[in-house]
Amino acid sequence: MSKPAAKMSSELDERERAAKIIAGDVRTASRLIRALEDRMPAATTTLRRIFPHTGRAHIIGITGSPGAGKSTIADALIESYRKLGKTVGVLAVDPTSPFTGGAILGDRIRMQRHAEDAGVFIRSLATRGSLGGLSHAVGDAIHVLDAMGKDIILIETVGTGQQEVEIINHAHTVIVILVPGMGDDIQAMKAGIMEIADIFVINKADREGAKQLHGIVSAMLDLAREFPGGWRPPILEVENFFEPTSFRERITILQQSVDSHYQLMAGSELMESRLKRKSILKLNDALQAVLIEPVMRDLARDGKLEAMIGLIMRKEADPYSLAEEIAARYFPAGTESKIMAPQ
Amino acid sequence: MDEREKIRIMVAKPGLDGHDRGARILSRYFRDAGFEVIYTGCHQTPEQIASAAIQEDVDLVGLSCLSGAHRFLFARVVELLREQGADDIVVIGGGIIPEHDFPSLYQAGIKAIFTPGASLESIVAWIQENVKTGSKNE
Amino acid sequence: MYFSKETPTVSSELTEKWERELAGAIKDNPEQKTRFTTQSDFDIKRLYGPQDIETLDFARDIGVPGNFPYLRGHQITGYRSKYWTFRMFSGLGSARDTNQRWRLLLREGNTGLSTAFDFPTLMGYDTDSPRARGECGKCGVAIDTLDDMMTLVAGIPIDQVTTSMTINPPATVLWAMYIAAAEATGVPAWKIGGTIQNDMLKEFIAQKTFMCPPEPSVKLISDTIEFGTKYVPRWNPISISGYHIREAGSTAIQELAFTLRDGIEYVEDVIRRKGLDVDEFAPRLSFFFNSHIDFFEEICKMRAARRMWARIMRDRFKAKNPRSLWLRFHTQTAGCSLTAQQPLNNITRTAIEALAAVLGGTQSLHTNSFDEVLCLPSEEAATIALRTQQIIAEESGVVNTIDPLAGSYFIEALTCEMEAKAWEYIEKIDQMGGMIAAIKRGYPQMEIADAAYNFQLQLDSREKTQVGVNKYVAREEQKVPLLQIDEQVEEEQIERLNEVRRRRDWKAVKTSLQELKDACKRGDNVMPACIAAVKNLASIGEICDVYREVYGEYLDPGLF
Numbered sequence: 000m001s002k003p004a005a006k007m008s009s010e011l012d013e014r015e016r017a018a019k020i021i022a023g024d025v026r027t028a029s030r031l032i033r034a035l036e037d038r039m040p041a042a043t044t045t046l047r048r049i050f051p052h053t054g055r056a057h058i059i060g061i062t063g064s065p066g067a068g069k070s071t072i073a074d075a076l077i078e079s080y081r082k083l084g085k086t087v088g089v090l091a092v093d094p095t096s097p098f099t100g101g102a103i104l105g106d107r108i109r110m111q112r113h114a115e116d117a118g119v120f121i122r123s124l125a126t127r128g129s130l131g132g133l134s135h136a137v138g139d140a141i142h143v144l145d146a147m148g149k150d151i152i153l154i155e156t157v158g159t160g161q162q163e164v165e166i167i168n169h170a171h172t173v174i175v176i177l178v179p180g181m182g183d184d185i186q187a188m189k190a191g192i193m194e195i196a197d198i199f200v201i202n203k204a205d206r207e208g209a210k211q212l213h214g215i216v217s218a219m220l221d222l223a224r225e226f227p228g229g230w231r232p233p234i235l236e237v238e239n240f241f242e243p244t245s246f247r248e249r250i251t252i253l254q255q256s257v258d259s260h261y262q263l264m265a266g267s268e269l270m271e272s273r274l275k276r277k278s279i280l281k282l283n284d285a286l287q288a289v290l291i292e293p294v295m296r297d298l299a300r301d302g303k304l305e306a307m308i309g310l311i312m313r314k315e316a317d318p319y320s321l322a323e324e325i326a327a328r329y330f331p332a333g334t335e336s337k338i339m340a341p342q
Numbered sequence: 000m001d002e003r004e005k006i007r008i009m010v011a012k013p014g015l016d017g018h019d020r021g022a023r024i025l026s027r028y029f030r031d032a033g034f035e036v037i038y039t040g041c042h043q044t045p046e047q048i049a050s051a052a053i054q055e056d057v058d059l060v061g062l063s064c065l066s067g068a069h070r071f072l073f074a075r076v077v078e079l080l081r082e083q084g085a086d087d088i089v090v091i092g093g094g095i096i097p098e099h100d101f102p103s104l105y106q107a108g109i110k111a112i113f114t115p116g117a118s119l120e121s122i123v124a125w126i127q128e129n130v131k132t133g134s135k136n137e
Numbered sequence: 000m001y002f003s004k005e006t007p008t009v010s011s012e013l014t015e016k017w018e019r020e021l022a023g024a025i026k027d028n029p030e031q032k033t034r035f036t037t038q039s040d041f042d043i044k045r046l047y048g049p050q051d052i053e054t055l056d057f058a059r060d061i062g063v064p065g066n067f068p069y070l071r072g073h074q075i076t077g078y079r080s081k082y083w084t085f086r087m088f089s090g091l092g093s094a095r096d097t098n099q100r101w102r103l104l105l106r107e108g109n110t111g112l113s114t115a116f117d118f119p120t121l122m123g124y125d126t127d128s129p130r131a132r133g134e135c136g137k138c139g140v141a142i143d144t145l146d147d148m149m150t151l152v153a154g155i156p157i158d159q160v161t162t163s164m165t166i167n168p169p170a171t172v173l174w175a176m177y178i179a180a181a182e183a184t185g186v187p188a189w190k191i192g193g194t195i196q197n198d199m200l201k202e203f204i205a206q207k208t209f210m211c212p213p214e215p216s217v218k219l220i221s222d223t224i225e226f227g228t229k230y231v232p233r234w235n236p237i238s239i240s241g242y243h244i245r246e247a248g249s250t251a252i253q254e255l256a257f258t259l260r261d262g263i264e265y266v267e268d269v270i271r272r273k274g275l276d277v278d279e280f281a282p283r284l285s286f287f288f289n290s291h292i293d294f295f296e297e298i299c300k301m302r303a304a305r306r307m308w309a310r311i312m313r314d315r316f317k318a319k320n321p322r323s324l325w326l327r328f329h330t331q332t333a334g335c336s337l338t339a340q341q342p343l344n345n346i347t348r349t350a351i352e353a354l355a356a357v358l359g360g361t362q363s364l365h366t367n368s369f370d371e372v373l374c375l376p377s378e379e380a381a382t383i384a385l386r387t388q389q390i391i392a393e394e395s396g397v398v399n400t401i402d403p404l405a406g407s408y409f410i411e412a413l414t415c416e417m418e419a420k421a422w423e424y425i426e427k428i429d430q431m432g433g434m435i436a437a438i439k440r441g442y443p444q445m446e447i448a449d450a451a452y453n454f455q456l457q458l459d460s461r462e463k464t465q466v467g468v469n470k471y472v473a474r475e476e477q478k479v480p481l482l483q484i485d486e487q488v489e490e491e492q493i494e495r496l497n498e499v500r501r502r503r504d505w506k507a508v509k510t511s512l513q514e515l516k517d518a519c520k521r522g523d524n525v526m527p528a529c530i531a532a533v534k535n536l537a538s539i540g541e542i543c544d545v546y547r548e549v550y551g552e553y554l555d556p557g558l559f
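Heads up: the sequence lines are chains A, B and C, in that order.
Each residue of the first sequence is one higher than the one before, counting from 0 in numbering that gives the first Met the number 0.
Each residue of the second sequence is one higher than the one before, counting from 0 in numbering that gives the first Met the number 0.
Each residue of the third sequence is one higher than the one before, counting from 0 in numbering that gives the first Met the number 0.
Since the hints were derived computationally from the structure, they do not count as laboratory data.
Among the hints, erroneous ones may be present.
[Said to hold, decoys possible] Derived lysine-lysine pairs resembling DSS-like cross-links, with alpha carbons at most 30 Å apart: (1) A:Lys277 to A:Lys85; (2) C:Lys319 to C:Lys32; (3) C:Lys506 to C:Lys516; (4) C:Lys44 to C:Lys506; (5) C:Lys470 to B:Lys110; (6) C:Lys506 to C:Lys520; (7) C:Lys534 to C:Lys32; (8) A:Lys82 to C:Lys26; (9) B:Lys110 to C:Lys420; (10) C:Lys516 to C:Lys439; (11) C:Lys26 to C:Lys4; (12) A:Lys210 to B:Lys110; (13) C:Lys218 to C:Lys32; (14) C:Lys534 to C:Lys229; (15) C:Lys218 to A:Lys210; (16) C:Lys319 to C:Lys420; (17) C:Lys506 to C:Lys439; (18) A:Lys314 to A:Lys281; (19) C:Lys478 to C:Lys218; (20) C:Lys470 to A:Lys210; (21) C:Lys44 to C:Lys427; (22) C:Lys509 to C:Lys470; (23) C:Lys218 to C:Lys190; (24) C:Lys534 to C:Lys463; (25) C:Lys478 to C:Lys190; (26) C:Lys516 to A:Lys82; (27) A:Lys82 to C:Lys520; (28) C:Lys427 to A:Lys210; (29) C:Lys218 to C:Lys81; (30) A:Lys82 to C:Lys509.
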């Protein structure tokens with residue numbers, strides 16, 4: 000436990016840190032994101048302080064297979080929104096190597112021309128052991144960017160894994176990028192990506208098979224019984240990065256479509272339900288951090304966790320009974336809302 | 000948790016030369032050493048590098064330059080980081096760098112210089128020795 | 000091949016006998032490595048014999064010099080009539096500094112010129128561009144306007160000496176300047192000879208000196224080939240380069256395959272876009288290879304390249320003119336084989352590599368200076384490098400007979416193996432839809448990155464040796480005098496550029512830049528407008544800004 004004086008100053012630091020983030024300070028924000036990634040307890044405190052300042056940004060998810068052109072389209076969208084005078088935050092997620100724990104976070108390269116623009120904040124995140132396409136810190140990092148006052152937040156996912164669809168829990172608008180000839184049609188159907196898309200982009204549409212891909216996606220949409228809010232996801236085509244003018248035109252259409260989707264959502268039931276889902280998720284995450292993780296740490300401290308794992312492995316006890324036992328120990332009946340924190 | 004110890008590194012190519020063989024090999028090796036690596040790509044201005052390093056909150060920036068322009072470019076990156084209150088980010092350099100330039104680069108704040116022939120292992124060892132993570136967040 | 004019927008049988012029997020003896024010998028004297036491989040990690044057998052080249056047909060696959068398949072060189076006289084061109088790559092500081100170095104080299108027996116430009120010039124920026132800070136004159140000469148080019152060639156007999164210019168994205172601009180400078184000194188365009196490197200595909204693949212996206216880049220190249228064919232017939236409008244692919248860490252086979260596939264892409268584009276007959280322009284295509292430290296691998300690569308190109312031109316493009324089938328190439332010893340440790344050892348490395356290039360049949364050669372891994376070459380180091388070539392030509396005796404290694408079981412077998420592997424790559428890229436399509440997928444880039452990484456790991460684990468680096472390391476490093484480029488060069492160059500800007504007719508500059516832009520937009524050949532612009536003293540940055548505006552900028556896609 001820290002001494003009272005130290006605690007005072009750290010509280011002051013916390014307040015100052017939060018104020019700096021709300022004022023848009025890049026250095027403080029980026030450090031907080033790092034601390035959140037590292038699950039530093041103090042970071043949660045700061046997050047708590049900035050939370051009331053969140054909820055204003057338009058959060059856009061960009062997903063699609065690796066190599067589909069997510070970063071390139073993100074880069075072009077940054078340009079588009081900057082032209083409209085909006086500030087942009089970007090979270091680009093890349094996979095952590097399961098063998099070494101290291102990662103090459105390469106998405107940034109394709110957006111690096113915006114590095115000097117004070118209205119753009121780009122942050123690369125590694126998945127760090129979370130199984131799906133998102134880093135565990137994504138949700139928290141979104142709050143940081145939001146509190147900084149970014150108008151637009153782009154989240155670029157890894158593009159592999161079942162949990163790719165999790166993006167729907169974070170974003171208002173989800174763009175799914177498909178590429179002809181990459182087996183994306185099948186991929187899309189398999190992974191449940193179809194259900195989460197608000198906008199489809201067929202990238203590299205000058206490639207063979209673009210028309211068929213368009214047809215397949217369109218036919219699948221025809222099968223849908225209804226479109227929430229009456230929004231039928233449009234299928235847009237983007238081609239030839241190397242023709243600067245036509246590429247830019249296509250991106251403008253995409254950006255306008257993203258904005259229309261958001262306008263339609265804003266204030267509608269659709270927004271309500273997404274917000275609700277997001278709130279449940281946030282609460283779930285917070286519970287995890289506040290309840291479960293401290294308990295696990297506590298159990299680990301005196302070797303109980305190890306012992307329990309052994310019991311389960313040897314089938315000498317089942318996890319449910321053990322969980323009940325733990326709950327009884329940490330949350331004895333009658334404590335009600337007073338949650339017992341581990342010592 | 001060991002995640003707190005994860006070293007974040009930016010590998011950057013300042014200036015106009017595109018000789019990225021070394022930068023790319025290093026990026027891969029750093030990943031395999033368990034670091035998180037952000038690579039900037041070629042043809043970066045010092046301004047782009049400094050601002051990216053801050054946004055990414057890296058512990059270290061590794062600059063690679065083979066065009067001979069290191070004297071200006073390396074020093075400028077350090078200067079920009081300092082101006083933006085990020086002088087705790089360690090900056091090291093590599094490439095075709097004649098020995099007579101070492102003193103002025105050290106003077107400018109470059110912490111280490113690796114020239115052709117330096118083993119990947121030795122560079123990783125230097126980083127592990129000289130970059131302390133974790134503490135900076137608290 | 001041309002063996003008596005019994006030879007393969009006899010050979011097989013003897014080989015079996017030898018293998019039995021060997022098995023015992025190895026037990027007592029184990030081999031030093033478990034794998035014996037080339038620098039490129041290609042496995043080499045213990046022994047080669049007639050059975051390894053049994054399927055070769057002498058007339059079809061080997062032949063004689065000056066004849067199909069040109070394995071043994073297109074020069075019917077080999078080096079007996081004329082040595083390769085001693086072409087030392089040089090450029091440093093200002094145009095005046097480089098002009099002085101050129102005069103020195105010509106005095107010392109250099110027989111062709113080769114220009115190294117600094118990075119702002121290579122990337123199409125003026126010296127005073129904010130992106131150019133700190134780069135001026137550092138690894139080559141700074142050229143901003145025609146004025147600088149005039150200084151560069153002052154006093155050089157450009158109607159006699161050929162000049163090679165290592166310039167890629169702004170190749171049209173530097174070539175236009177050279178043509179204009181020649182005309183200003185009374186030498187018409189049809190009389191000048193030389194080469195512009197002008198190979199953009201290898202930039203996307205390996206060297207990363209890029210400006211515009213691949214398609215318009217190739218279009219600009221086709222413009223130069225068309226223009227050269229019509230008006231500058233003694234010029235090589237392109238030097239299709241494997242050198243940089245290898246320097247980026249590729250294997251010899253990748254260098255061979257990607258370079259030839261790049262060549263195919265250019266030929267196809269000129270035919271399609273310009274409607275020229277292949278035989279009109281193919282004779283002016285030239286190539287550029289790396290000569291790395293693995294002696295035989297390099298020789299075989301060069302021999303295979305010649306035979307493959309002849310087959311490509313004859314079979315794929317139906318070329319009729321024998322000159323279209325010739326693969327004429329320049330060679331540079333491998334910069335990446337040099338070590339900063341014990342730098343004088345680099346003289347030996349370069350000598351071995353130069354010898355390989357000569358035995359591989361190069362038409363032109365640059366030998367690296369021993370200090371090039373540390374800085375730009377000093378005069379002394381550059382002279383030693385040039386002398387290395389002269390010793391090979393005048394003393395070693397290797398020029399006495401043409402293609403002296405032909406017929407060696409090992410050489411012919413390795414040549415064939417490398418060729419076969421290279422064809423596989425070419426077919427693969429064909430299936431992807433060509434080199435531009437492959438580049439967009441990152442295919443050649445990733446193949447090279449993997450090879451480079453693999454090699455570095457082998458060095459680190461000492462599976463491969465670099466003397467002075469991971470074996471025989473010296474306690475005390477050799478000190479060699481290093482050349483320094485004065486920071487003053489940048490200021491002076493900017494002053495000169497500003498002086499030109501004040502002096503020139505701004506209206507004429509503006510008009511000619513507009514005309515260039517119109518030509519770009521219409522899809523016309525840019526060369527006439529480009530020449531007009533440089534004559535009006537438009538700067539390289541101004542002209543390249545037109546290209547960047549019309550065609551867009553290509554940024555590093557950063558594939559991993």
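Okay, the hints, checked on the actual structure:
no.	hint	in the structure
1	A:Lys277 to A:Lys85	holds, 24 Å
2	C:Lys319 to C:Lys32	violated, 49 Å
3	C:Lys506 to C:Lys516	holds, 15 Å
4	C:Lys44 to C:Lys506	violated, 69 Å
5	C:Lys470 to B:Lys110	holds, 27 Å
6	C:Lys506 to C:Lys520	holds, 21 Å
7	C:Lys534 to C:Lys32	violated, 62 Å
8	A:Lys82 to C:Lys26	violated, 75 Å
9	B:Lys110 to C:Lys420	violated, 45 Å
10	C:Lys516 to C:Lys439	holds, 27 Å
11	C:Lys26 to C:Lys4	violated, 35 Å
12	A:Lys210 to B:Lys110	violated, 55 Å
13	C:Lys218 to C:Lys32	violated, 49 Å
14	C:Lys534 to C:Lys229	holds, 20 Å
15	C:Lys218 to A:Lys210	holds, 28 Å
16	C:Lys319 to C:Lys420	holds, 27 Å
17	C:Lys506 to C:Lys439	violated, 40 Å
18	A:Lys314 to A:Lys281	violated, 34 Å
19	C:Lys478 to C:Lys218	violated, 48 Å
20	C:Lys470 to A:Lys210	violated, 59 Å
21	C:Lys44 to C:Lys427	holds, 27 Å
22	C:Lys509 to C:Lys470	violated, 60 Å
23	C:Lys218 to C:Lys190	holds, 25 Å
24	C:Lys534 to C:Lys463	violated, 53 Å
25	C:Lys478 to C:Lys190	violated, 46 Å
26	C:Lys516 to A:Lys82	holds, 25 Å
27	A:Lys82 to C:Lys520	holds, 25 Å
28	C:Lys427 to A:Lys210	holds, 26 Å
29	C:Lys218 to C:Lys81	violated, 36 Å
30	A:Lys82 to C:Lys509	holds, 28 Å
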